[in-house]
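Participant: One-letter residues, chain by chain:
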Amino acid sequence: MVYLSGVNNQGVNFSRRLPFYGEEKTSERVKEQEESAKLLYREKKEHPVLTTLQIEGDKLKNAFWNYPRKGFEGSKNANFYEFLTMGTVPYLVGSASMIGIFNGASRFFDEEAAESARKLGKKIGLGVLFYGVAKNISRKFIEEPVNYKYGIDINLPYKKRIEELPEKRNVEVLHNEKIENISPDTESEKDKAGNLIAYEYHKAFESADFPRWDLFYDNKDFGKDRNSYFNEVGKKMGFSDKDLEYSDQKVKPLIKEKIVQTNAFATLSSYLWAATGVGLAMQEHWEGFLIDPVKRFKDWKDGTKNSSIVKDFAVNLYKSFKDFVGTDKNGPIDYIVNKCKHQTVDTVKKPLTRHIAGRALLGSAVITTLAGNFITLNDFNKSKGAAPAASASLIDDSKEKVVC
Amino acid sequence: MSNLLNTIIANTGLSNTDIGFFKPEDYSTADKVKPLKDKAVLLPSRIIGSPVEYAKDLTKDIISIGKAVKGSANDHELGRINDLGMKAGSLGIAAYLFHKNPFRLSKTMEVVGFGSFFASMALWPKLAIGLPIKARTGVDFQQEYIDSQGRKKRLYQDPQYVLTDLLPREDLDNIGKKMGVAENIPDRDNFIKQRAHKTATQANTLWMMTAGFATPLSAALTCNVAERFLKPILENDELDYTKELCFSSKVKSKKLKAEQKKSLAKFNDFIQHNKNKTLNDEMIDKLSAQFDYILEKADMPSAKKDVKEALKGLSYVKINKKLLEKTFGEDLVKSLPKNDLVNLGQFMERGLNNPEQQIKDIAQYLSQCDAQVKIDGKETSLKDLGARQIREKLTAKARSRKLGEKDVVNQLNLLYKSFNKFLGDKLILDKFISARIGKRADSFIANQWERICGKFVDTLGFSTKELKLVSTGDMNANDNEIAKLKKQKETNTSLTEKQLKEIEQKIKRLEKENQTIVNKKLENLVCDKNDSKFKRTLLGLLKQIDKYEAITSERWQSGEQALLYNMRTFTHNELHPGFDINGKKLIPPTSKSHELFSNLYASLTESQYFKKLANKFMHNTVLGSDKMAAAGTLGNLFVKDAEGTVMGARSSFYRLILSLDVLKQAESGILRDKIVDKLKDAGKKPDAATVERLIQACKDVALKSTTTDHIEKLTTQGFELSEQEYKIVMQSVFENAEESANIVEKCVDKSGMPPKTIERIKQNYRNYKESFWNELGNWVNDKTPVLSNHTIDGTTNSPDWVKKNNIVGKPVYDTIAEIAKGKYNSRKWMQIFGGAMVLLTGITVGAGLTFGRKDEIEKKIEEESQKNV
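Protein sequences appear in the order of chains A and B. Residues 59 to 462 (the working numbering) make up the first sequence, in order. Residues 440 to 1308 (the working numbering) make up the second sequence, in order.
This is chain B alone, in the form it adopts within the complex (with noise of 0.2 Å):
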């Protein structure tokens, strides 16, 4: 019986002591059976494991499936499959995920959310439970041992088998310290053990409890953080690497190229597979049906057509006497007169392109023909025949080429070689010009976007409400007050006569100012009385503009612009039909886009019969339909897109600048004077309601107006303006003033900067003051519908409304209620799981330090000794 109990007591590994109630030493054979030696190894508390051990307890894990597989695993092992399962499921979901996002930065999340998910799950115990049980406490519940069996276990996780013998002495000490356990209590050692024990077990639950709040939360926060970090770096690498994958021929994607190979292959299996089939109609559809995947990938579905019309033109034989002799038999030929023979070769010469017309020209010449022909052994005369006849018999012969045939081979090979490069290089094209301009939320200029308007909008400082407001429809910033006064005023009866009176006053007070919220903060900050925060915000401004001229004229109009331009350019003038079409000899290529169409172009041409389709397809895709040449075409479509957005963001970066310019010039008064005199100029007599008038249109003009304000005369704003008037104010605004009336100039010349980049911004602002004016400034409205005019040639028929469109750019309010709109959702999201996060952390934390507190039993004890000592 002993031998049982001491057997119990060396697995549980308790000693002797512990066994309270039951005394071992009631046995004669207790003091002869000692309890076995543990081999188990507390393992030091750490925050985090070191990669080794990571990597060890993987080599385990991977070891314990294999055990598994034959049935020999323990329970242990069966539990680490299960962790292990649990994280590969979860890497599959970030995997898949990461291929289902199409760009780099959502990618990069779905990592960075598996990641945190996991770190936050290890994370939270230790940090938000352990580290501040273990500060008051010296308990630290999640430390770790090694068992006699090698098995990595939590000292505390079973709290009916906790071996709080191997807690070394100074742990002991340490612990009984900070809980104050009294020195002189007698089993001072085993009273500390109860003590950590009991600690353990509330904090094991505190963890459970919290951790299913604290998981999701703080990998949410987590990569919330984290995306502001990632943004900029991926931004670049991206920048970089779509460049380098549209220039440089070493490190095209050895995938597309892998995936380029593969398909030609396919196609190759597809007619050795038909090699003896007949190109019929229905050989056709199934042939250009292996273009369809080509053409929908390159978004050419259009170019559909086109392929199926030049596969049709490959289906005819050579019509020449030859077919005629095979046709009607060879006395047809002799009995025609010389004159129809050097006729009918004629239209053989002639319709090379087109196969099916000219059967049809030769069958309208012969049916007028007068000879005699056998026909299934039958004379009879062409005459009889008739031209539909004619023709249908010319076009069974006709076309009777086999799939096999070597020179069906070669052509069909070609064709799909050259649309598959055109697919390739269109794909590497996209990319490039998706990482810059895309419209999606991190493409370089949409984060340039919210990089300056988002330190502008932040400058302002608006409140979260006030933010809320703004995004959602500005709303007047004394409403409020204002209801909340009105209001008093209606309940409250024991109002003195005196005290409503106060109240009114205040009330109309405020109604007399009450303004847009944007238009108070703009207002603030212009007539901020020692101009500081006006001018830091103001060369802010224009040193972050600054920095995307500079990004966007480096990494833009260098290069890229440049192979955008080319692709317009050479649209044009190479590929027109008409021209030359010996691919050689076009210019040599300069850039991407310009190899892309001429490599395309130039294959395509090599063969008479795709002559047709080349002009075709070009046509089409490239250039536009033959009826609406302007329109949508590929290359102008790129140039223009590029171009107008590129351009577009930069108007509206300047506006907020013109913006702040104009604003301060009608506070200090410079406006005023500048209309007066203008005023007088022209002969009006400057009274005080026209000046006012004037003043306020000048804001409008720089903060609200659109392009249809200006072909309206700002009439859509509320103002009745003369067209005299209208320049009036467009001269105020955009005439670029005196040295000493220039508040921008002056403001940038102090700043200190380098002379050269002060030249520069002063230069740019002057540009953009002068396009304005040159766009819109001397406009008479002639009324021309807006239409968006694509030309050929890239010309633009005057008004072009899509450049007046791109320098008015995004009215000032609307991008303040833009950028409002996302600070608003941002910030609150923040407020609310911030907010969150802090509350249970806090939460957390005050639980964990109310633990292993005294209760009023070993109160009780700790008396009962003190009074014993």
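Same shape as in the complex, but just chain A (with noise of 0.2 Å):
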């Protein structure tokens, strides 16, 4: 993990290899080594959206262009990380497709018949919207907690600087002989000594099974000793100063728990906060819902209708809320009140089959997210006070460690 330029089928580039601990450190070297993957940690706190919109802005434009013309070109430099970030591509693609197919034919058809192709079509789109808002928004809810009660920010962001392999080498290196130029390299960036480079966004957390610890040591960002994130992480684990003092042989298999657990139930959790969002956005009240900003305006103009369309989307998520998972009419909070004062609730109409389903799908969202926060906010009585396996007799503390 700290090489360079990392392995292909062609062959390691160690030429860069980064220093070893225990090599002596250059100045040139610490420089190359904060180039080569800087964890974004300041910048997303001092600025949490811009910095979210740029990395984003970035992968999209690249997965959008870069990547697959370096994927069509068949180059060697395409890599994983490429082909995960074009994953947004059929995302992206196929909620507009399922947009497209469900409203785009309905201006050929007669007025009747497209009128009820738009009511499904903007259910539809609407679903698209929600089950990709729900789905993203709803990991906070178990990832936050995680964050504000340890520190462990799942998605703290690094940008990691690829040096590229020139698309001919192989072929040189293999026979030994010049071949001139004959196509142009793919390449576009180079920096100062010449070197092909290409920047990744990762996270630092991504990997449960290699988190890249190495850019949390000697952070200046997270205070001045080497081990200044692990020490906070513990003393929010519980851990006390004493107990801190390898603080990150100690708090990294802990970490590494909740980076596993956390992704896990965000991940479950969304999925099914996703299949809410496409339950509400099925609901009849939507049909209704005027979303052409023209002709929204034009009703504004003429006085037949007022309302703006943040009140109208408010209003009829409320409807669609109550209509999915079947409440009476005096409201779901009338109904909890009286149930709890024990007076007659038989006003309330008996729920259909399709509100238990609401119910349910609802339901499932909420216990997996409270199970999900349940066991990722505990840490069941891990021992916290035993010293780490590698004792003082056998790793001389004056010296820097080893660290992979």
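These are computed hints drawn from the structure, not numbers from a lab. Where hints are given, some of them may not hold.
Stated by the list, open to error - Straight-line distance between alpha carbons at most 25 Å, and here's what the computed BS3-like set of lysine-lysine pairs gives:
hint, chain 1, residue 1, chain 2, residue 2
1, B, Lys-972, A, Lys-293
2, B, Lys-982, B, Lys-972
3, A, Lys-314, B, Lys-509
4, B, Lys-972, A, Lys-377
5, B, Lys-972, A, Lys-261
6, B, Lys-705, A, Lys-198
7, B, Lys-1208, A, Lys-380
Note that the coordinates shown come from a computational prediction; the quantities given were computed from them, not determined experimentally.
Please assemble the complex out of the two chains, which come individually in their own frames, going by the hints.
Facilitator: Spelled out as structure tokens, the structure:
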């Protein structure tokens, strides 16, 4: 994990290897290390929205343009990160196609058929939207409490510098022969030394097997000490100052656990929330919801309709929710109040099957989230005082340790 | 150092030869250190995995959730949890929509949609990308392997970590052969591996770029096709299921029973909870609210008032001497003259069902009696007290019943049970009716309509453009061409005089020939020279209609129609106010609906308190209110609706035959002869203009006429017909012609069908024409206002407009326009999205076939190596 350009089936480039711990560190090498992977902790803390937008914008641009271009050329620099980033494309295109299929054809139909197609199309469109929104927001229900309690930000990004291989290098090396530039290199960016470079945005904890611990050591953003980050997390986990002597050794396995738990539950619950979102979008109330801004403006101008789109949306959302879970006409709050007071609640209409289905869907999402919160925010009395396996007798504390 | 290097080599699964520019031989220890032997296994490439494999994978996924809870899952397992979550979420959506949709077809389509979405997601890369690429290059970019840790992965998933070493020799040779790699270049295997790797990277990219379009498109198309196959299966299934549900008590829904039990228990809970409370107005409100759910679900909200009144009746104690003594002291009864006591006794006996009125009557009587009573220790006379005060005092004492009294509880239970049962039975009956004649897209009758009329429209052979024109209001067929010629005439200045004349003539001819598209198509069909297409169409339609008749008479007339008839006769004969109220004496139940109403009524009438309720409830809801006894009764509405729908569809089908019949007669001259003869018989001169006018009228009767047109004697269609002429037209159309001139019968006779079928088909068509003639042919317009006449006994006031409407059926033009609309929409949809899918597949396959080609460098290498050889 500490070499620069990675491995491919043409060879391993060790020419720009990072220094191993224990080796002499030159200022140039430190700089190199920082350049190779930079944790965007401070950036995210200071400008959370901007940083996220910048990262996502960059990834999106690459996903739709740079990576496909490289991929179609069969570039040897194409990697799994690029493949995964391109995974956004089917998501977005698929959503658009879905909306297109249900809305696109309606203009060819006669008014009656078009109207019913439009109604369904509107619901499908909102369904796709709600799916995306619910899926992304609901992850925060589990991730944020973990971040708040332990200081483990599962989405903490870092910028990775990739040194790419020249496209024709393998051929040259393989046959010890200089072959003239027949086709130009596909890479667009070169650094001062003429190396081909590319940047990737990863998350420090994206891999539970190999979290980028190295980025947290000696990171001035967390404090002066080498182990500042681990000390901080350790304190939040309930370790006493004395216990924090080898904080990294002690805290790292626990962080790993939290990464796994948070990831698993955020993922599972997010799909259930997304399904709930779709269920909400499928309610009949949305059929009358006017989205077309031009028509809305006209209505506003004519004075036929004055309410804003936000208000309309909120009203429809509330009504849809009521229909989704099947509450009585007095509203869910009245129901609960009456139930608590042991008053008669028999005026409440009996829930229909679809209401029960709606409740089941919403319930499963809520339960998974709460279970996730319970599991991620509890340490189940893990022993915190035990000494780490590698004790002082084996490792000289006065020297730096190998961590990878 | 070399140790580390070898570890890396071992972990990456690369062989020594892969380490291009870095040669391990340079290190002295290299020959002593060997890479670890890998345990990875390549899985055979296949399109669809075995179910066992899926089950194994699912088990692993579930185990990985357990590991994730403990926090010990690895990246691979987390990835699998993601897939599992996606499936669970999608299944949740499908399950929710399955429950939300009320009908079988739409329910099933949700499951099909879910399945086809995931199937397309899995199959698209394998079929559209994998297969062509494998065929051309031998590389299967979706091939999987199991690594040393037992994790299943795609071989080419990570371009920086491809285990091409796992590929067996024959695969490598195959790839090399298909890619045309020269046999004798140095390091050939490595060269092949590079090319395979490159191809897979390209294929991966193509997959990501196309999946977004392909998955929703192919899922939508699959659903569209699947719906056509599923429709008839589900239709039969639903017909059988609802029939069993209705007629067999064994199949009675357990769920329904459980629900009824639960509902009754809840009602009893309510009574127990309030057992010490008096049955006052407030309590009656609460109590009647318990019935709201049932009444609303059974579509009988108007019965709420009746329930309330009945409950009010229940809230009074028995009005007798005791009550008088309790209210005004024991002395009162003693001091009253015997005559008065007898009269009061009569009042007490009389109004059992209306205690309120009873008390009013008694109070009125008492206020005129000369007697002293003691109230709150004060002596006063009844006359001084006055009727109002007496009533108030009596009422206060009379309405002292508690909810927990045994008698009250029993009565309430009885009432609730009856309504509960009624609701259950009605829900089943609703399902039964909805499956058959429901106004929904997948009911039996809707499907039949689409099948029979759809086939007819197909035969006429409309292009997509024509379908659109027909569906949006017919257009004259030559309009486009005429407009084109006119434009040519105006804009093109270089035309010679001769050419101009030709164009003008052409325009004139076209204008003369110009007629609506539907007419033209019908004309084409009828004027077919050797008649084969016409006969085929006619016979095809007749066979289809015969099938419909068979199914409706089998499914409908035998059991189901009887069921609905019973309901009507029952509601009239047995439930009319003033009949024998003992439910057990009623004629034994013969059908579900019969039972439905008789049970409700029988249980209601067991109690004298509910006599009034029963009468009133039946009167308002089942039979219609007192004031409008004839209108909107439940039983009659059911029957009328069913009859009307079945008959309306039937008439519309036969009208298609009638139109073909009349058009053919007109074309072959039979119609002209008929009209001429009839005019002569009527003593009129058959001049050409009149005959032409009447022929056109005949065509219009078959193709266009509505009931209103017949009322107005076709003047609405632009014909000035005398009554006699109208009759001639109707006779010519509906009279059964002699054997030789009867086109339909001649056609059926030669069809080669079994004689019984031939006879039946002929008879059915004759019957149709006869009934049309009977209802409308001889009919003199009496200008009776058009009202729907639902009468209790099912008899109809003449003229029965509903029946007439049903006999007329849908005008052929409307039928064609309606079907054309549906056909155009689905054809257009298919054109757009099917076209898009074909285009996408074409592009994808085309792109896939270009992958893995030699680039300039590779060509150069091959050339170089050839030279060296």
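Participant: All the hints need checking, so say for each whether the structure fits it.
Facilitator: Taking the hints in turn, this is what the structure says about them:
Between Lys-972 of chain B and Lys-293 of chain A, the direct Cα distance comes to roughly 90 Å. Violation of the 25 Å bound is thereby established for this hinted pair. For the hint linking Lys-982 of chain B to Lys-972 of chain B, the alpha-carbon distance of about 15 Å falls within 25 Å, and the restraint holds. In summary, the hint linking Lys-314 of chain A to Lys-509 of chain B is supported, as the alpha carbons are separated by about 11 Å, within the 25 Å threshold. Restraint check: the Cα-Cα separation between Lys-972 of chain B and Lys-377 of chain A comes to about 57 Å, which exceeds 25 Å; the hinted pair is violated.
With a C-alpha separation of about 71 Å, the suggested pair Lys-972 of chain B and Lys-261 of chain A falls outside the 25 Å cut-off, and the hint is violated. Among the hinted pairs, Lys-705 of chain B with Lys-198 of chain A is inconsistent with the structure: their alpha-carbon atoms are about 42 Å apart, more than 25 Å. At most 25 Å may separate the alpha-carbon atoms for a hinted pair to count; Lys-1208 of chain B and Lys-380 of chain A exceed this at roughly 55 Å.
Against the hints set out earlier in the document, violations occur for numbers 1, 4, 5, 6, 7.
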